[in-house]
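Here's the letter readout for the chains.
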Amino acid sequence: MYQALLTRRYLTRKIMPLLASAAVMLCVAMELITWSVMGGFLNQLIASGRSLIGDVEISRPQTGFAHYEELVAMLEADELIVAAAPTVDAYGLISLGEGRTSFCVIKGIDPESFDAVTGYRDSLYWKPLDEPLPKDDAGADPRLDPEARDLFAALQGFGETLEPPERDGLPEKPLTILGLEVFSKRGLRTPAGFVEADVLTQRELTVNVLPTDRSGGWLEPTARRFVIANEFASGVYEIDSRTLYVHIEELQDMLRMDEAEKVETGTAEIIYNDQGEPIGFGSPETVGVDPARATAVLVRGVDDADLNVLRERVASIYDEFSRKHDGVPPVDFINVLTWEDRNATLIGAIKKETALVLFIFGIISLTSVFLVLAIFWSMVSERTKDVGILRAIGASRMGVAWLWIRYGLAIGAVGTTLGIGLAYLVITNINAIHDWLGTALGISIWDPAVYYFTTIPEDFDATKVVIVAAAGVLSCAIGAVVPAARAARMDPVKALRFE
Amino acid sequence: MISASNISKTYRLGRVDVPVLRGASIEAGEGEWVAVLGASGSGKSTLLHLLGGLDRPDRGSGAIRFGDTELGSLGAAGLDRFRRTQVGFVFQFFHLLPELTVLENVLLGSMVGRGRLGFLRERAQLTKRAEGLIEVVGLSHRRGHRPAELSGGERQRVAIARALMNDPPVILADEPTGNLDQGTGAGVLDALSELRLATPDGSPRTMVMVTHDTRVAERADRVVTIADGVVQAGAGQPASR
Chain U
1 MYQALLTRRY LTRKIMPLLA SAAVMLCVAM ELITWSVMGG FLNQLIASGR SLIGDVEISR
61 PQTGFAHYEE LVAMLEADEL IVAAAPTVDA YGLISLGEGR TSFCVIKGID PESFDAVTGY
121 RDSLYWKPLD EPLPKDDAGA DPRLDPEARD LFAALQGFGE TLEPPERDGL PEKPLTILGL
181 EVFSKRGLRT PAGFVEADVL TQRELTVNVL PTDRSGGWLE PTARRFVIAN EFASGVYEID
241 SRTLYVHIEE LQDMLRMDEA EKVETGTAEI IYNDQGEPIG FGSPETVGVD PARATAVLVR
301 GVDDADLNVL RERVASIYDE FSRKHDGVPP VDFINVLTWE DRNATLIGAI KKETALVLFI
361 FGIISLTSVF LVLAIFWSMV SERTKDVGIL RAIGASRMGV AWLWIRYGLA IGAVGTTLGI
421 GLAYLVITNI NAIHDWLGTA LGISIWDPAV YYFTTIPEDF DATKVVIVAA AGVLSCAIGA
481 VVPAARAARM DPVKALRFE
Chain V
1 MISASNISKT YRLGRVDVPV LRGASIEAGE GEWVAVLGAS GSGKSTLLHL LGGLDRPDRG
61 SGAIRFGDTE LGSLGAAGLD RFRRTQVGFV FQFFHLLPEL TVLENVLLGS MVGRGRLGFL
121 RERAQLTKRA EGLIEVVGLS HRRGHRPAEL SGGERQRVAI ARALMNDPPV ILADEPTGNL
181 DQGTGAGVLD ALSELRLATP DGSPRTMVMV THDTRVAERA DRVVTIADGV VQAGAGQPAS
241 R
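Read top to bottom, the protein sequences are chains U and V.
Just so we're aligned, residue 1 is where the first sequence starts under the numbering used here, counting upward by one.
Just so we're aligned, residue 1 is where the second sequence starts under the numbering used here, counting upward by one.
Any given hint might turn out to be false.
What the hints assert, rightly or not - Some chain U residues well away from chain V (every beta-carbon gap over 10 angstroms; in silico):
(1) 66
(2) 74
(3) 210
(4) 235
(5) 285
(6) 288
(7) 305
(8) 388
(9) 431
(10) 456
(11) 482
Said to hold, decoys possible - So the derived label-pair ranges between C-beta atoms look like this:
(12) 30(V) x 398(U): 41 to 47 angstroms
(13) 167(V) x 485(U): 48 to 54 angstroms
(14) 8(U) x 67(V): 34 to 40 angstroms
(15) 68(V) x 8(U): 56 to 62 angstroms
(16) 367(U) x 167(V): 46 to 52 angstroms
(17) 14(V) x 19(U): 33 to 39 angstroms
(18) 345(U) x 116(V): 51 to 57 angstroms
(19) 30(V) x 482(U): 43 to 49 angstroms
(20) 167(V) x 8(U): 45 to 51 angstroms
(21) 19(U) x 30(V): 50 to 56 angstroms
(22) 8(U) x 125(V): 32 to 38 angstroms
(23) 367(U) x 98(V): 52 to 58 angstroms
(24) 466(U) x 203(V): 56 to 62 angstroms
What the hints assert, rightly or not - On the chain U side, residues computed to face chain V include the following (Cβ under 7 angstroms):
(25) 1
(26) 19
(27) 384
(28) 386
(29) 392
(30) 393
(31) 394
(32) 493
Hints in this document: simulated from the structure, not taken from any laboratory.
Source: prediction; values computed, not measured.
Beta carbons are placed, not taken as given, at the ideal position from N, Cα and C, and that holds for glycine.
Make the full structure from the sequences, and use the hints.
Here it is as structure tokens:
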């Protein structure tokens, strides 16, 4: 009982334990903030996959595979699969004019099915907003403007369908959806996170792609003018800065992956004029149809599906599909990957990096152990007489040791509680703090070009709090053990004579 | 009641052994007040510490007995219990815990050896006893004060109340007036005398008091002197007022 009373009094009547608690607080906050941000980064990276490729991707880059509509139907018939969408991916050079060019991934999509797999329509940026963003106190986001509501609604509609408007009964130029960061928004981004002005939509850009033949050889480059119908923001900088969407049929056409008649070479007849002179060739003999090809089919599973099970199921369906068609590559020649599989190197590296950073900070946090040890050593010296008094009135050595260990636990508990509070405040306001650092001091720590995401992710969860809190309190108890043993071993007579 | 026979105690200072007690013997009967008179460095405080189980005599040098129990036969836990229940120490420099109030310092003796639940269960009763002791030493108005806010005499009264909190049969007082002026010291001795007699059955507690002040020693039932680590006169002798 006396330990509880003395612990309380020692804690509140001296500056040193408060300093020790402050050190513990900083160590705990440092560990939690690091872990939460790194963990949040990893979680967001893994979760972002679903909004980019769904759960599983079947892909065969460059040459692709035919009869994909049948594969989509087979996949969607499975109980584990909610939707499947064909895409065509190609690298290309895009040009906005005025020398503004960018090397991009051109993604041909069917908006309906692509949205069913990835929720793509939610990522469209230019659309009317009813509520301002959380940090947009002034309501300055142009998407809130009631007068521009119709315009943004139209842009949203174009983005959702990729169907160009008709003029004089004929469709206008094809549409494209540009990643929000493809052409830098530097200077247009506000701290609240919105873009101050729509400067790109309705402008035209040129897309250049390089088709290949079935053997992978380059054919003549194809260029086509597109109208920017909208922009999208997936939140993953790597994607938003390097991707644009066009309709799958446009890209198939540009890459010569669309449906075509198959002809027999050497069967075209020579056409002669009235004088009997050859003037050209007639149509060759049609022997069949070369079906359109897609380079990937994206699959979304049911919400609680185990991704590894889903991947195996998708591979098995593809195997069955490939056996039905000559010319469709067998399952061993294509990739069936989850997002984590596709980014295994990066995700593995981040996991290792998280562990390494936690380990390093753990070692740094050992300072708190030594700090508590040093402070307690000094306090035990200062309290030598107290130890003598307690022993004189019958306190046991263990009782005296427990007083100091309990004191260490109390300092740990106080420091840890404050540390959790500090970490919570920092983590929940980390983007605001970062923005403030940028505005007030010109310091920008989080560069989205390096870290993928345009905002700093975080994952502050109870498991991390419990583990770090336990480690914090335990560290203090460990730091208190040596001074506690010293106090317990003190000769009470010498302790009473201590000056 | 409590006795030491032929005990020695040597302390090591650096490489030198310094004998403090050289075969000292003393006995205090039940209810007897024995004063140990000696000069500074004569070994009187060491004798008191050995009698109270705070320290052990040199190995094989003699025995200390409390009733039928030889303290040498007690382990560490047994000695802790002995100090907690059978003796109450009063020191020259009061030795109060500066963070605690008067009431808490007095209660401290009852907290040691009791768990939180045990203390809370008896809290009302123990607090009542502590307040009673504080009242006897005349400090009821100071019960919420800390030692730094008290005079020397008041601090020693608190120390006396603390020593008697567990109602021990033996009081061991080490120069209880040594740090006080004559008038204050007399008052403290009065308080000590009063509380020595404040037992459930009215029989006085045994008290061994070491002092270098003959006027203080004269108030005891019996006086023995100690010099060079040997109790030289009066040891085991009948009371001499």
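So, going through the hints one by one against the coordinates:
no., hint, verdict
1, 66, "holds (79 angstroms)"
2, 74, "holds (70 angstroms)"
3, 210, "holds (80 angstroms)"
4, 235, "holds (53 angstroms)"
5, 285, "holds (100 angstroms)"
6, 288, "holds (90 angstroms)"
7, 305, "holds (53 angstroms)"
8, 388, "violated (7 angstroms)"
9, 431, "holds (45 angstroms)"
10, 456, "holds (45 angstroms)"
11, 482, "holds (21 angstroms)"
12, 30(V) x 398(U): 41 to 47 angstroms, "violated (33 angstroms)"
13, 167(V) x 485(U): 48 to 54 angstroms, "violated (33 angstroms)"
14, 8(U) x 67(V): 34 to 40 angstroms, "holds (38 angstroms)"
15, 68(V) x 8(U): 56 to 62 angstroms, "violated (41 angstroms)"
16, 367(U) x 167(V): 46 to 52 angstroms, "holds (49 angstroms)"
17, 14(V) x 19(U): 33 to 39 angstroms, "holds (36 angstroms)"
18, 345(U) x 116(V): 51 to 57 angstroms, "holds (56 angstroms)"
19, 30(V) x 482(U): 43 to 49 angstroms, "holds (45 angstroms)"
20, 167(V) x 8(U): 45 to 51 angstroms, "violated (27 angstroms)"
21, 19(U) x 30(V): 50 to 56 angstroms, "holds (53 angstroms)"
22, 8(U) x 125(V): 32 to 38 angstroms, "violated (23 angstroms)"
23, 367(U) x 98(V): 52 to 58 angstroms, "violated (30 angstroms)"
24, 466(U) x 203(V): 56 to 62 angstroms, "holds (59 angstroms)"
25, 1, "holds (4 angstroms)"
26, 19, "violated (18 angstroms)"
27, 384, "violated (12 angstroms)"
28, 386, "holds (6 angstroms)"
29, 392, "holds (5 angstroms)"
30, 393, "holds (5 angstroms)"
31, 394, "holds (3 angstroms)"
32, 493, "holds (5 angstroms)"
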